[in-house]
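A.B. asks: Protein chains in written order, with the numbering used here: chain D, 234 to 438; chain S, 38 to 305; chain A, 3 to 552.
Where hints are given, some of them may not hold.
Simulated pairs of lysine to aspartate or glutamate, DMTMM-like, Cα-Cα distance not exceeding 20 Å [as the list claims (entries may be wrong)]: (1) S/K136 <-> A/E79; (2) D/K246 <-> A/E201; (3) S/K136 <-> D/D420; (4) A/K368 <-> A/D450.
If you want the ones that stay clear, here's a sample from chain D, every Cβ over 10 Å from chain S, calculated [as the list claims (entries may be wrong)]: (5) E250; (6) L361; (7) V415.
Everything labelled a hint here was simulated from the structure, so no lab data went into it.
Nothing here was measured: the structure is a model prediction, and the numbers come from that model.
Even glycine gets a Cβ: it sits at the ideal position worked out from N, Cα and C.
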Amino acid sequence: MVDRFPGYDVLAKADSESWDAITRRIVAERIVLTERGDVLSDRQRLTLRAVVDRITPQPPGRPPINATALLLERMAGADGEGFRHHRLPPLRAAWSRGLDALEAEACAHHGRAFDTLDGDAQDRLLRLAEAGEASDPAWGDMPPAIFFSWRLVPDVVAAYWSHPSAWSAMGFGGPASPRGYVRLDADRRDPWESSEYVERRGHAA
Amino acid sequence: MGSVAIRRPDPAIRLLSAGAGLVHSAVLLDSGLEHYRGSFRNPAMLLPLATSTVNIAIDGTRLVTGCSTPDSSLRVAGQGGAVAVGLIGMGFHLFNIGKRPSGFGWGNLFHAAPLGAPAALVLAGALGAAADRAHASIISDGRAVGALCAAGIVGTAAEAALLHFRGAFQNPAMWLPVAVPPIAAAALAANAVVRRAQPTTAALLIVTAALGFAGAAFHAYGVSRRMGGWRNWRQNILAGPPLPAPAAFTGLAVAGLGALILIGRVRG
Amino acid sequence: MSSGAVMPLEPRAKDGRAPDVFVPGGWTPMGEHRDTEAVDFAIVGTGAGGGTLACRLAEAGFSVVAFDAGAYWRPLEDFASDERHQSKLYWNDDRIVEGANPLKLGANNSGKSVGGSTVHYAMVALRFRPEWFKSRSLLGYGADWPIDWREMWSYYAEVEQALAIAGPVTYPWGPKRPRYPRRAHPLNAPAALLARGAEALGIGWSETPIATLSSPRGKARPCVYRGMCTIGCSTNAKQSVLNTWLPRALAAGAEIRDLAMVGRVETDARGMATGVHYQRGGEWRFQRARNVVVAGYAIETPRLLLNSASPLFPDGLANSSGLVGRNLMVQLNQAVWGQMEQEVRSYKAPPSLALTEHWNYEDRGKDYHGGWCYMSQGPLPIGWAQTVAGGRRMWGQSLVDEMNRANHSVGLKMVGEVMPSPDNRVTLANEVDAYGLPIPRISFSYGDNEHAMLAHALPFMEQALEAVGAHELWREEEDTCHLNGTARMGDDPATSVVNADCRSWDIPNLWICDGSVFPTVGGANPSLTIQAIACRTADRIAAMGKRGEL
């Protein structure tokens with residue numbers, strides 16, 4: 234889809250009053266984060282990268298989003314998210330098994346590794362898991378549908394939409410402290426907000 | 038008429054001119070900020086800026102000369118424009134409030150376009166016109182102008198009360214513009230009725246004028262108390278207490294002093 | 003979301019000082035007590051219940067030590083404008099969820115920091131409808147509270163003052179109440195759309211009474227409408243326990259211990275509580291106390307009571323009724339979303355600036371018990387992505403495309419009353435956490451009443467959105483919010499865990515003061531009621547202390 238906010242970059246405000254010191258620091262650290270090699274096996278990371286690309290395609294024309302690196306970072310940490318479906322093992326174990334199982338499904342259906350399949354074939358396997366119809370023994374007692382909706386999708390989108398490129402693409406204001414917003418009415422925006430470029434009907438600004 | 042040029046400068050006219058010019062200045066800055074906040078989405082939002090600028094020039098000139106110019110069509114146009122734009126603005130603002138959810142409820146009185154601001158433009162235009170007709174019989178006794186200034190001060194105090202109520206009177210000083218100016222207005226109105234200028238009225242008007250300056254300082258302090266303070270001026274100038282608003286008190290009180298001089302002359 | 007990088011490694015509140023939440027790098031003096039000194043009150047938890055109570059008990063002259071498992075933050079320097087980073091505020095330890103509707107916990111209903119979940123709450127400050135305090139007798143469902151609404155009304159007023167609530171000049175529902183201390187905020191676009199929708203349907207609406215400043219208060223600055231309230235307010239405009247009750251508590255001599263996880267309440271052979279075991283700085287310690295207050299919210303409170311079982315209390319403390327952990331109540335938090343032609347940009351300003359309590363106060367036309375309200379919404383990117391991906395089963399390019407028109411999305415979200423059910427409960431799992439403590443296992447399922455309420459509420463909210471021209475409507479059918487009711491109060495030791503004073507029936511010097519004590523939840527956010535109960539409890543304790551009844 235066409236970029237609704239061409240020319241809008243949340244990062245361009247990083248030196249303005251919209252960003253405070255701690256936000257500058259953590260976002261700067263985030264966008265340069267690279268994929269760590271000490272979480273998951275090499276094969277699992279290849280599968281993960283492919284999965285992340287299918288769940289959250291990169292925004293065209295913007296700096297790429299390192300969602301895989303962010304997700305690996307999260308798996309390396311001790312924190313859960315405060316709840317765990319009783320059919321799922323802890324976060325990292327769930328991912329490890331889920332990626333193995335997707336890889337096993339790829340081998341079973343196509344005789345090839347998941348990451349070497351084309352996008353459509355990858356999507357079909359993901360839909361199989363989403364619908365709970367994936368049945369490879371590698372899933373063990375972890376229901377694929379629960380893994381997909383409670384672990385895979387929420388974790389991937391949380392990583393992806395923590396990146397400024399994703400914020401810019403959606404026209405989100407981004408960090409806003411100490412400077413917040415003045416104009417709160419519909420169809421009103423502050424000069425430091427995004428400007429939407431879309432053919433619009435009615436509602437003259 | 039040639040006679041105008043040879044008149045001696047009149048301190049009453051100077052005070053009326055200074056007052057009208059100050060109110061126009063407050064209107065210029067206030068509507069500039071507020072209509073910028075409103076993104077000038079309607080071109081008519083530029084009108085108060087234009088009319089108040091023209092009138093600042095008119096009133097400024099008269100402040101220097103100290104003399105009336107009743108038959109300048111340019112001035113009539115400027116002052117009439119201010120009154121007209123102010124009246125139209127009041128209509129626009131009323132319409133704006135009315136079409137919001139809950140109409141004339143408290144929330145919209147607090148946050149929607151204010152009625153007091155365009156009213157100040159009407160008032161300032163009228164004061165300028167009066168200053169140019171200080172020798173006309175209806176003006177020269179000071180009573181009408183005094184009543185106008187008193188009404189303006191009361192209206193401005195009412196607006197301060199509304200907006201300071203919005204601010205929950207979080208600083209006790211916020212009671213000052215609500216409490217003091219109405220007393221000055223009452224004294225001025227009473228003097229206009231009895232045709233007598235009392236020194237206490239002058240003192241009260243001077244205090245009210247001083248409050249306008251103090252108010253601007255308080256509002257500057259208010260801006261500094263917001264998140265990011267003055268460093269975050271792009272937000273806080275707009276969202277914080279309005280810096281130009283208190284100057285309206287100064288303007289009206291100064292004009293009121295002019296009116297008081299005129300009232301005093303009748304007996305004089 | 004890894005914690006290592008963002009949590010302070012060391013406790014901050016120690017050596018006679020605690021963080022000054024209003025000053026970057028600042029400190030404020032703090033009284034201290036030795037572990038061996040039996041303090042009047044050891045309070046477990048510093049949120050809406052524990053933090054409020056710590057303040058009021060300290061001000062009444064008691065010696066108080068309050069423990070929190072979370073960190074002591076200074077919002078001005080520690081809170082980023084960032085969802086991922088701010089997950090440091092939530093209770094992220096594993097809890098097993100099961101049942102027909104397993105609860106999603108974490109971000110929206112629990113906190114792990116000094117100040118508890120009020121540090122990231124949405125600040126909605128509603129009073130209960132008076133009849134809810136006697137819902138069994140007057141409305142025919144749930145259980146009666148052992149407290150009269152008129153007494154609560156005065157404590158509500160106290161809390162509204164303490165939090166400088168910004169609210170409408172007159173509130174359209176319920177009995178008369180004093181004017182809110184601060185004026186309501188301007189409506190943002192989603193709130194104005196709620197208002198227009200309500201007016202189109204002919205029901206009342208109001209600016210939401212909300213705990214964020216609309217004018218300056220001391221060192222706290224008024225709200226700048228940055229819209230990130232639910233990930234922690236970085237400006238101190240939000241009036242949380244962290245920057246209201248706790249500074250008062252410190253000034254009155256209370257001690258706060260941050261990063262101190264209480265694992266067990268100790269009881270002696272006489273069946274009295276003697277203090278708490280807590281881990282801080284990597285070692286287990288024991289604080290002696292004359293009274294222990296458990297205020298860990300509706301999951302950690304029963305967990306701690308169950309984990310504190312002893313030979314005298316083999317089923318856990320205060321559990322002779324068998325009700326500890328039972329009657330867990332969330333609130334229905336379903337929503338209806340749609341698209342507007344206009345730009346709504348709901349990321350600006352607090353998320354819930356307008357609401358309607360119409361269906362809390364109107365009983366006609368309902369085929370179910372209880373009430374619900376709905377509010378305007380302001381999701382942030384990660385939360386919105388998870389909502390869209392989960393609610394519409396979207397992923398891939400369609401998800402990205404949908405996200406990129408978020409500025410036109412608008413939603414209405416309910417807070418709906420859930421009936422108490424003994425089968426919705428907190429128990430202990432076989433797994434243990436990093437402290438070696440058994441983790442909680444939470445079972446939750448909707449009953450018929452919840453389904454009937456949703457069948458009314460969701461179509462109604464759809465009408466309200468349609469009335470303002472929203473299109474492409476869809477329902478978010480799974481979300482819940484708030485946690486209450488696992489140690490209910492009552493008049494009868496057989497059917498309740500604590501009495502009206504939050505004092506446990508079984509152990510006279512063990513108290514429970516948080517949302518756990520709610521017999522019913524109503525259709526309103528609970529934080530104001532929790533704080534009002536804490537204020538009342540403090541007054542009752544002070545009165546009992548004077549009479550020598552402690």
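A.B. asks: Now tell me, hint by hint, if it's right for this structure.
C.D. replies: Hints, one by one, checked against the model:
no.	hint	result
1	S/K136 <-> A/E79	violated (42 Å)
2	D/K246 <-> A/E201	violated (39 Å)
3	S/K136 <-> D/D420	holds (16 Å)
4	A/K368 <-> A/D450	holds (13 Å)
5	E250	violated (5 Å)
6	L361	holds (49 Å)
7	V415	violated (5 Å)
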